[in-house]
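K.L.:
Listed below, chain by chain, are the residues.
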Amino acid sequence: MALLPAMALLATLFAGSLIGALKVSLLPLGGGPEDAGLDQWGSLLSDPAFVDALLFTLKIAAISTGLAAAFGVLLALALRGRGAGTRLLGALPVPVPHLIVATAAVLWLAPGGLANRLLGAVPIDVIRDSGGIGVIAVYVFKEAPFIALLVLATMGRSLRQREEAAMVFGAGRAQRAAWVIWPAIRTPLLLASVIVAAFVIGAFEVPLTVGPNYPPTLATYAFEATQNDVIAGQGRAAAALLTAGALAVALAAIAVGLARSVEGD
Amino acid sequence: MTERLRRPLVPVLLTGLFAVPLAFVVVQALANSWRAPSLVPQELGWRGFEVAFGSGGAVAATANSIVVALVTTVICLLVGWPAARVLGGRRLRRSGLIALLIALPLLMPPYLAGFGLTEWFIRLGIDGALAGLVLAHVVLSLPYAILILLSGFNREIEKLEEMASVTGAGRPGRLLWVSLPSMRPALGAAALLSFLVSWSQYGSSLALGADRSTLPIVMLPFIRSDPQVGAALAVVFLIPALVAVALAARSQRSPI
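Chains as they are written, first to last, in this note's numbering: chain A, 22 to 286; chain B, 4 to 259.
A portion of the hints provided could be inaccurate.
Cβ pair distances, simulated, as ranges [to be verified]:
| # | chain 1 | residue 1 | chain 2 | residue 2 | range |
| --- | --- | --- | --- | --- | --- |
| 1 | A | 267 | B | 99 | 41 to 51 Å |
| 2 | A | 192 | B | 170 | 32 to 42 Å |
| 3 | B | 242 | A | 76 | 51 to 61 Å |
| 4 | B | 45 | A | 195 | 31 to 41 Å |
| 5 | A | 277 | B | 188 | 47 to 57 Å |
Some chain A residues judged to face chain B by a derived CB distance under 7 Å, without partners named [what the hints assert, rightly or not]:
| # | residue |
| --- | --- |
| 6 | 29 |
| 7 | 36 |
| 8 | 42 |
| 9 | 84 |
| 10 | 88 |
| 11 | 114 |
| 12 | 129 |
| 13 | 132 |
| 14 | 223 |
| 15 | 225 |
| 16 | 269 |
| 17 | 270 |
Hints are computed from structural coordinates only; laboratory data are not their basis.
Using N, Cα and C, we set each Cβ at its ideal position, and we do this for glycine too.
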């Protein structure tokens, strides 16, 4: 019973938004039920810009999440056993909104920006470059500390004790990392990475600020579709957003399955 | 010797990596003139804030952001508390599945949440209203609130509540004197996170708030067109995050 308000609220709004978007993707604006069809999905799949957006989104999500996970683990290891002040410093970007990190990225990394002035020259274009390096940089800056925080939560006293026990039995540094630390952190690391990947797939304020004009991500593709064509664009935007959502869910399902099969023994 | 050198290396590195880049946004907000190749501004002043908040649009947007985030937080705590309590009690079958369902909205693109709800909100007459923004923000904040509250409800609290009940405390007394005080850290963290998630929302607000914009929506175009104004808005946008860091620092210094 106590669960009812939360579940009802979440289910209504979550299902409502999915059904709303699905309806828009199947039904042309102002059309009746007899006009419903897969035309808008068809036009989406035959649009080369959509295919580019899909590939670009997958690339950005994979690289950002991979780098954030690697740096997140390194950061967690560096913060382990440190005082409260240092830990707080390491978690500083976590509460900061993405848009502010993007602002800082433009200030530092744009041509003529502070990094350029400090170093004399920056060898590559980073802001609004077609490779999306600026977008990746903002996500890694913002998400590595988030992942570190979740990983650090599992590195408590009991892990230290297990490490000491392994040391007593003669386990070296690499062996302790592989057999004691890694099993303890892999599940939270995986779940944190899924949250990060889902966010990168779906959010669009970062690519809108520091991303290239082309290719778009799935979310900016949807946004541009609604801007360029007020009537037909709605359906294509809905279909693109649903694709992004489906990608994130598929990823999460794979991750949960993976976590189960590893931890299941 | 190397250990003595290594100890301060991490804090120094982190300051340079995280704190300095963000601190320069504040400098940029106050830099009326900052031409290359100088590393310090040529002229300081309030132009950024004057332009940003002179016209009134950003003031209204900031007010909208605050109201929506506060209402979202209250709803998340009120609805999230009983849910987390039941899930934390572990008397439930399939509680793992329910937790998974609760986390599902975290995977949804925020723009999709706003976009899909617009359809229904137009019929209900709350499109473009703050109520619509609140509802969309609740879907995206409530999972975080529940998951954090869940981490607070543990065996210890159940034991304390049982003790209180044995000594004759009624339901309201238990809530007021036992549950709420012992849950204070988790409640604080859940409130803070709900507020921040709503406060930082971009996609869902853009899809819904046609004439009711929020601070990040007003801010984004300025990042490209007039960086000083963008930075001035960013400074205001940054305040809740700084409050969060300050509160975290305080709670670490006085462990409960």
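K.L.:
Decide, hint by hint, whether the structure agrees.
P.N.:
Evaluation of the provided hints:
1. 267(A) to 99(B): 41 to 51 Å: violated (23 Å)
2. 192(A) to 170(B): 32 to 42 Å: violated (50 Å)
3. 242(B) to 76(A): 51 to 61 Å: violated (39 Å)
4. 45(B) to 195(A): 31 to 41 Å: Between residue 45(B) and residue 195(A), where Cβ atoms are some 53 Å apart, the hint is violated.
5. 277(A) to 188(B): 47 to 57 Å: violated (29 Å)
6. 29: violated (9 Å)
7. 36: violated (9 Å)
8. 42: This hint holds: residue 42(A) lies near chain B, its Cβ roughly 4 Å from the closest one there, short of 7 Å.
9. 84: Constraint on residue 84(A) not satisfied, violated at 19 Å.
10. 88: Nearest chain B Cβ about 14 Å off; hint violated.
11. 114: Residue 114(A) check passes; min Cβ-Cβ to chain B is 6 Å, inside 7 Å.
12. 129: Interface hint status for residue 129(A): holds (6 Å vs cutoff 7 Å).
13. 132: Interface hint status for residue 132(A): violated (9 Å vs cutoff 7 Å).
14. 223: holds (3 Å)
15. 225: holds (6 Å)
16. 269: holds (4 Å)
17. 270: holds (5 Å)
Comparing the model with each earlier hint shows violations of hints 1, 2, 3, 4, 5, 6, 7, 9, 10, 13; every other hint is respected.
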